[in-house]
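Please build the complete structure, drawing on both the sequences and the hints.
Number of protein chains: 2
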Amino acid sequence: MNPTDSDARLQAALGEVTSLLERHRVLEKWTRSQVAGRQREVVEALVHRQNLAELSHRLRSLHAADVAYILEALSPDDRALVWEQLTDAAAVQVLAELGRAVREDLIARMPARALVGLCARMDSADLAYVSESLSPEVLEEVYRTRSAGERSWIETVAAYPEDSAGRLMLDDYVGVPDSSTVGDVLALIRARGQLSRHLDALFVVDVRNVLRGVVPMRALLLHELAKPITDLVTPDPVVLRPTDRLSSASEAFARYDLVCAPLVDDRGKLLGALAVDAVLDSVNARATKDIQKMGGLEALDAPYDQVPFWAMVRKRGGWLSALFLGEMLTATAMGHYEAEIARAVVLALFVPLIISSGGNSGSQAASLIIRALALQELHLLDWFRVFRREMLSGLTLGAGLGMIGFLRIILWQGLHLTDYGPHVLHVAAIVCFSLVGVVCFGTLAGSMLPFLLHALRFDPATSSAPFVATLVDVTGLIIYFQVAALILRGALV
Amino acid sequence: MNPTDSDARLQAALGEVTSLLERHRVLEKWTRSQVAGRQREVVEALVHRQNLAELSHRLRSLHAADVAYILEALSPDDRALVWEQLTDAAAVQVLAELGRAVREDLIARMPARALVGLCARMDSADLAYVSESLSPEVLEEVYRTRSAGERSWIETVAAYPEDSAGRLMLDDYVGVPDSSTVGDVLALIRARGQLSRHLDALFVVDVRNVLRGVVPMRALLLHELAKPITDLVTPDPVVLRPTDRLSSASEAFARYDLVCAPLVDDRGKLLGALAVDAVLDSVNARATKDIQKMGGLEALDAPYDQVPFWAMVRKRGGWLSALFLGEMLTATAMGHYEAEIARAVVLALFVPLIISSGGNSGSQAASLIIRALALQELHLLDWFRVFRREMLSGLTLGAGLGMIGFLRIILWQGLHLTDYGPHVLHVAAIVCFSLVGVVCFGTLAGSMLPFLLHALRFDPATSSAPFVATLVDVTGLIIYFQVAALILRGALV
Chain A
1 MNPTDSDARL QAALGEVTSL LERHRVLEKW TRSQVAGRQR EVVEALVHRQ NLAELSHRLR
61 SLHAADVAYI LEALSPDDRA LVWEQLTDAA AVQVLAELGR AVREDLIARM PARALVGLCA
121 RMDSADLAYV SESLSPEVLE EVYRTRSAGE RSWIETVAAY PEDSAGRLML DDYVGVPDSS
181 TVGDVLALIR ARGQLSRHLD ALFVVDVRNV LRGVVPMRAL LLHELAKPIT DLVTPDPVVL
241 RPTDRLSSAS EAFARYDLVC APLVDDRGKL LGALAVDAVL DSVNARATKD IQKMGGLEAL
301 DAPYDQVPFW AMVRKRGGWL SALFLGEMLT ATAMGHYEAE IARAVVLALF VPLIISSGGN
361 SGSQAASLII RALALQELHL LDWFRVFRRE MLSGLTLGAG LGMIGFLRII LWQGLHLTDY
421 GPHVLHVAAI VCFSLVGVVC FGTLAGSMLP FLLHALRFDP ATSSAPFVAT LVDVTGLIIY
481 FQVAALILRG ALV
Chain B
1 MNPTDSDARL QAALGEVTSL LERHRVLEKW TRSQVAGRQR EVVEALVHRQ NLAELSHRLR
61 SLHAADVAYI LEALSPDDRA LVWEQLTDAA AVQVLAELGR AVREDLIARM PARALVGLCA
121 RMDSADLAYV SESLSPEVLE EVYRTRSAGE RSWIETVAAY PEDSAGRLML DDYVGVPDSS
181 TVGDVLALIR ARGQLSRHLD ALFVVDVRNV LRGVVPMRAL LLHELAKPIT DLVTPDPVVL
241 RPTDRLSSAS EAFARYDLVC APLVDDRGKL LGALAVDAVL DSVNARATKD IQKMGGLEAL
301 DAPYDQVPFW AMVRKRGGWL SALFLGEMLT ATAMGHYEAE IARAVVLALF VPLIISSGGN
361 SGSQAASLII RALALQELHL LDWFRVFRRE MLSGLTLGAG LGMIGFLRII LWQGLHLTDY
421 GPHVLHVAAI VCFSLVGVVC FGTLAGSMLP FLLHALRFDP ATSSAPFVAT LVDVTGLIIY
481 FQVAALILRG ALV
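Those protein sequence lines, which keep their order, are chains A and B.
What the first sequence shows, in the working numbering, is residues 1 to 493, in sequence order.
What the second sequence shows, in the working numbering, is residues 1 to 493, in sequence order.
One or more of the hints may lead you astray.
Dumping the calculated SDA-like pairs for lysine to any residue here, alpha-carbon to alpha-carbon at most 20 Å [to be verified]:
1. B:K289 <-> A:L375
2. A:K315 <-> B:G400
3. B:K289 <-> B:R100
4. A:K315 <-> B:L392
5. A:K269 <-> A:P177
6. B:K227 <-> A:A187
Please keep in mind that the hints were generated in silico from the structure rather than gathered at the bench.
Put into structure tokens, the structure is as follows:
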């Protein structure tokens with residue numbers, strides 16, 4: 001391809017993207033992610049051509065979240081180059097949008113001086129959010145630019161557990177004394193000159209900073225200046241504590257359709273605010289984690305493409321080896337029945353069928369219960385009700401599969417598709433009865449293990465489907481060969 | 001237990017809950033879901049005592065979302081009784097919070113006249129949301145109370161696909177002409193007398209109702225009355241179309257930290273608004289669906305406890321039978337190697353180990369790729385890159401497991417724990433090499449199947465782990481016995 005030709009194509013692509021952006025992006029028949037994908041291609045092309053002037057011009061027209069998306073998709077070297085083209089103001093915003101892995105990669109490449117300069121421009125909440133990625137020296141430098149109050153707020157926030165509401169706390173809420181009128185509040189807001197774009201309510205506090213209530217911002221637009229603010233307070237507002245887990249905070253946001261909620265300490269003092277955008281991100285992150293854990297691997301904590309090859313192999317290899325070691329018990333279990341298999345090789349043919357049926361029914365039950373526990377549709381005390389119900393389900397499903405298995409064996413023999421020997425009826429009965437047992441056990445194991453882990457305060461998602469499958473496989477083999485021994489005792493003697 | 005005693009305990013419980021509610025609920029060391037659980041117990045107790053006066057009194061103090069939560073947890077008969085105690089105003093709110101299954105159960109029990117009365121009190125968006133549960137006759141009655149414009153808006157909304165942004169569209173947004181000043185807008189809002197609690201922005205339109213921009217509500221609090229509204233417009237706002245899928249809308253909300261977004265048609269005309277609370281619900285619902293599909297069952301569409309026993313058995317039995325029929329191929333495949341098994345029974349012992357390793361590696365890869373596709377971290381065009389990477393991962397992981405397997409067999413034989421016969425080295429080699437092949441195949445099948453389904457416009461989550469496992473089991477058996485035939489050809493002749 002000659003350079004003029006590819007330059008022309010790049011120009012055409014640039015024009016296309018620009019026109020898309022100008023027309024409010026999505027009026028065309030493109031989805032947002034397609035637009036973002038195109039933007040990324042354009043940025044990559046500009047990086048490879050080292051066209052830095054055009055690159056920094058283009059970056060200025062992008063939303064910070066889109067720049068973060070592009071940075072996360074680029075190779076580390078390209079990423080560093082793009083990062084250098086950002087203005088300080090843009091870099092501050094982009095840093096708060098980046099995932100931890102990429103953020104730390106960029107921070108590690110920055111000179112300490114530049115990093116301190118950048119952090120000095122951040123608001124307290126963003127600084128608290130990224131502070132875990134900063135070295136103690138840099139952090140100490142940054143704190144010099146802050147008041148003692150800010151420093152202690154940031155340190156408090158950074159000290160809350162990773163999955164707590166406090167860790168994502170904002171401090172740019174509007175707190176007003178309970179003696180205010182609507183007019184007082186409006187004057188206060190005008191004097192501040194800005195309002196958080198994440199918080200749609202103001203918090204009313206008494207002289208000791210104890211939360212008295214929540215007033216939706218929109219109420220200020222609808223009421224007279226002389227109205228006391230306490231008249232507009234939402235009755236019984238949703239109040240969270242910073243130690244609340246994000247999963248239960250997000251349940252409250254989803255149930256009560258919240259945009260923001262105040263965080264208070266045990267004595268009711270106002271500490272900060274939690275906003276729905278942080279909750280939405282955490283809901284997505286949690287679902288990803290659960291799905292990965294259920295798929296039988298450690299949660300990756302970063303998008304697929306950003307996890308280096310060996311880190312990925314380690315994360316997957318660890319679980320895979322653990323499961324493999326567990327599955328070795330199947331070889332041991334089958335070893336006990338070697339003599340039976342030698343006498344009736346036909347028994348071996350159905351081993352995969354039997355154990356996979358147990359595994360499948362177990363993973364069905366496990367995924368149902370894990371999700372129901374995560375969404376708090378079920379609680380620990382419900383275990384016995386679930387036990388009874390799953391026992392019945394398991395027997396019904398096992399009987400169904402057993403019938404299918406029985407008919408399949410008889411039918412294949414009848415049609416002369418396979419020859420299962422003179423004891424075909426016995427074989428069919430063994431498969432049928434052991435399926436009832438195996439499916440029932442699989443269903444019970446799959447549904448009770450999450451409760452057990454929950455009771456032990458582990459994450460139920462760790463009882464991921466493959467783990468249930470391993471447990472069920474070994475037990476399934478034992479059930480199968482015991483049923484076989486029972487039924488064949490008469491027949492083969 | 002004598003009645004006075006249990007009455008006293010109920011009174012104590014009531015007192016406890018009341019005091020919790022009065023102290024802003026969560027200031028105590030209780031999580032919200034625990035409080036909701038207690039409320040449900042109290043309501044259940046009141047129902048069983050038929051204490052209807054106290055019941056309706058208590059219901060009046062609860063949030064509509066909490067009443068919906070309690071209704072969803074009750075048995076159908078108790079639910080009907082509680083429902084009858086609600087005031088009309090409360091019932092309207094609760095109906096919009098209920099899941100489809102429970103909503104339709106309650107609607108089916110209501111006399112048509114009462115239902116029409118209830119629907120007449122709903123706003124257009126709520127009515128559009130529940131209209132799918134109403135019979136044509138009831139709907140026709142309800143439309144008589146509405147203007148032609150409202151009717152056509154409701155019908156349009158109800159006609160959008162279930163997983164589209166349009167289906168959750170709101171019509172109570174504030175649209176203002178682009179010639180307005182801040183003062184004009186404030187006057188307009190005061191004249192309306194109310195503002196949607198879900199929308200934190202107003203939409204600026206031209207004379208043809210084409211969207212010109214979005215102004216955050218808070219800007220009205222910060223600027224002078226004379227300021228032209230177009231000066232406050234957010235540059236490049238996020239605009240969605242009603243046909244956008246909820247998954248891509250929720251990606252935009254998460255990426256750009258939105259609270260609401262305007263929905264426009266292909267010519268840019270303003271149709272309605274989408275709010276973050278609907279998006280949050282849909283994100284939760286989608287994650288549940290994906291997890292259930294990956295667990296190998298049809299999505300339930302309702303909480304675990306609300307799905308009747310036989311419906312649940314059908315949903316699970318369908319998939320389980322399909323997988324069972326697939327797994328029957330393993331019996332057929334093993335049938336082909338019956339003679340080999342008869343000659344070397346020791347081969348049968350490792351069958352569960354081999355196929356479960358393939359299945360586990362396949363479900364790992366599948367869950368990674370399915371989630372990455374759902375979050376649009378990966379796109380269709382990335383398949384080849386993923387293929388190469390997963391091929392390498394599969395070989396590495398397979399080699400690792402192969403080594404462990406080899407050592408295990410040699411070690412057990414050396415320690416005289418098991419006797420694998422004179423050909424132990426051959427057996428160990430067979431297990432080792434077939435693990436490399438099986439894990440590699442499992443990884444590739446697990447990662448490529450979601451891409452294939454995505455390309456065919458199916459939901460990748462349907463290529464759920466058990467389905468991958470079935471495919472991998474059959475292929476794994478063939479790989480294992482072929483490797484065995486190859487290695488044993490010399491040894492056993």
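Between the alpha carbons of K289 (chain B) and R100 (chain B), is the straight-line distance 20 Å or under? Status holds; Cα separation ~15 Å.
Would you check the hint for K289 (chain B) and L375 (chain A), treating anything up to 20 Å between C-alpha atoms as holding? holds (13 Å)
Would you mind confirming whether the straight-line C-alpha gap from K315 (chain A) to G400 (chain B) stays at or under 20 Å? holds (13 Å)
Pair hint outcome, K269 (chain A) versus P177 (chain A) [Cα-Cα no greater than 20 Å]: holds (13 Å)
Compare the distance between the alpha carbons of K315 (chain A) and L392 (chain B) with 20 Å, and conclude whether the hinted pair is satisfied. holds (15 Å)
Take the C-alpha atoms of K227 (chain B) and A187 (chain A), compute the straight-line distance between them, and say whether it is at most 20 Å. holds (18 Å)
The structure fails none of the hints (numbered hints given earlier).
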